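Take the sequence shown: its position 68, counted from the start at 1, is 68 in the numbering used here, and no numbers get skipped.
All the given hints hold, so there is nothing to weed out.
Okay, derived cross-link-like pairs now, BS3-like style, lysine-lysine, Cα gap no bigger than 25 Å in a straight line: (1) K294 / K128; (2) K207 / K149; (3) K269 / K294; (4) K87 / K70; (5) K134 / K207; (6) K120 / K294; (7) K216 / K134; (8) K2 / K90; (9) K213 / K4; (10) K362 / K309; (11) K362 / K260; (12) K362 / K269; (13) K261 / K280; (14) K213 / K134; (15) K116 / K257; (16) K120 / K280; (17) K116 / K269; (18) K269 / K257; (19) K280 / K269; (20) K207 / K128; (21) K116 / K362; (22) K280 / K128; (23) K4 / K70; (24) K294 / K309; (25) K90 / K73; (26) K149 / K216; (27) K134 / K149; (28) K309 / K257; (29) K260 / K294; (30) K257 / K280.
Bear in mind the hints are in silico, worked out from the structure with no lab data behind them. The model shown is predicted, which means the values in this text are computed figures rather than measured ones.
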Amino acid sequence: MKIKEIIQALEMFAPLPLQDGFDNAGLQVGLTDAEATGALLCLDVTEAVVDEACMLGFNLIVSHHPLLFKGCKSLTGANYVERCIMKAIKNDIVIYSMHTNLDNAPLGVNYKIAEKIGLKNVRILDPKPDSLLKLVTFVPLKQAEEVRKALFDAGCGCIGNYDACSYNLQGEGTFRAQEGTNPFCGKIGELHHEEEIRIETILPSFKQNTVIKALKAAHPYEEPAFDLYPLQNTWDQVGAGIVGELQEPETETDFLKRIKKTFEVGCVKHSRMNGRLIQKVALCGGSGAFLLPKAVGIHADVFITGEVKYHDYFFYENDILVAEIGHYESEQYTKELIQTIIKEAFPTLEVQLTRVNTNPIKYL
Numbered sequence: 001m002k003i004k005e006i007i008q009a010l011e012m013f014a015p016l017p018l019q020d021g022f023d024n025a026g027l028q029v030g031l032t033d034a035e036a037t038g039a040l041l042c043l044d045v046t047e048a049v050v051d052e053a054c055m056l057g058f059n060l061i062v063s064h065h066p067l068l069f070k071g072c073k074s075l076t077g078a079n080y081v082e083r084c085i086m087k088a089i090k091n092d093i094v095i096y097s098m099h100t101n102l103d104n105a106p107l108g109v110n111y112k113i114a115e116k117i118g119l120k121n122v123r124i125l126d127p128k129p130d131s132l133l134k135l136v137t138f139v140p141l142k143q144a145e146e147v148r149k150a151l152f153d154a155g156c157g158c159i160g161n162y163d164a165c166s167y168n169l170q171g172e173g174t175f176r177a178q179e180g181t182n183p184f185c186g187k188i189g190e191l192h193h194e195e196e197i198r199i200e201t202i203l204p205s206f207k208q209n210t211v212i213k214a215l216k217a218a219h220p221y222e223e224p225a226f227d228l229y230p231l232q233n234t235w236d237q238v239g240a241g242i243v244g245e246l247q248e249p250e251t252e253t254d255f256l257k258r259i260k261k262t263f264e265v266g267c268v269k270h271s272r273m274n275g276r277l278i279q280k281v282a283l284c285g286g287s288g289a290f291l292l293p294k295a296v297g298i299h300a301d302v303f304i305t306g307e308v309k310y311h312d313y314f315f316y317e318n319d320i321l322v323a324e325i326g327h328y329e330s331e332q333y334t335k336e337l338i339q340t341i342i343k344e345a346f347p348t349l350e351v352q353l354t355r356v357n358t359n360p361i362k363y364l
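All chains, please: the whole structure from these sequences, using the hints.
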């Protein structure tokens with residue numbers, strides 16, 4: 001398979017429009033028309049990781065953190081980013097990153113963390129707002145099923161764990177075809193009445209162009225009528241952070257010790273213990289402290305993330321147990337998630353997790 005086919009599978013799972021505005025996920029380096037010789041998965045791209053790909057004979061590196069957050073004005077090898085780019089280009093290696101699009105995706109990074117902790121009833125902590133559209137169109141009765149299927153295939157009609165969702169209402173449409181038209185039904189110059197189905201369905205806003213293209217291709221009319229309405233609904237399957245419950249409550253000490261072991265943390269920083277039992281757990285891999293107010297608002301017992309500001313420990317100490325386990329440590333299992341995505345789509349492709357520990361933070 002070609003590298004671009006692997007990237008298509010990755011973006012089917014975590015579409016790039018789901019990334020946050022500051023991010024630079026996606027293709028970082030290289031050309032994607034080459035046949036894939038193997039994929040090396042990592043959290044961060046370093047020179048050692050590129051060397052490892054060369055040694056393995058792999059021409060694709062998939063990382064969580066983008067190598068390029070900012071533009072390069074020159075390539076002189078002045079820093080590790082430039083050296084990685086130069087080495088990758090020299091060895092025909094493609095670098096691709098799945099960052100906040102994978103954080104925000106359904107069953108993304110934070111779901112993997114929740115799985116490692118053993119949470120049940122897992123749901124998004126901070127769902128994405130203003131990300132959905134309602135499509136309304138009008139189709140002749142006999143062609144309604146064909147158009148509905150085209151819309152569903154293009155990404156419409158998904159609500160939670162349900163798909164093919166639509167509302168359909170039968171009515172009558174009228175139109176008069178003018179000279180120069182090629183009407184599907186009716187005659188030029190005559191007012192025509194047609195039994196039609198009003199189809200309403202929902203779609204992610206980033207799929208708008210794809211859906212309109214599919215609608216026009218499937219609709220029998222020369223000029224299909226359709227409306228798009230922005231929705232204020234939250235998209236509950238997409239967004240930042242996770243909340244879930246433990247099967248059985250644990251003491252603060254037992255819970256933190258288990259987290260330390262599960263994530264192989266050199267040092268768990270935490271706020272003052274208040275003797276509470278831990279059952280409702282909120283979390284966000286990486287720099288997730290911005291979600292602390294959300295975690296407090298849903299009455300979570302603990303909030304786990306990779307980085308927390310000093311003063312947050314003061315501010316929230318009476319509201320919630322705060323546990324800081326390190327950015328790298330919190331997201332380390334992202335490599336396993338990416339491996340699963342690729343292997344399910346391409347079971348014969350050789351895929352390996354990097355053996356390089358790319359965590360820049362060391363513990364004495």
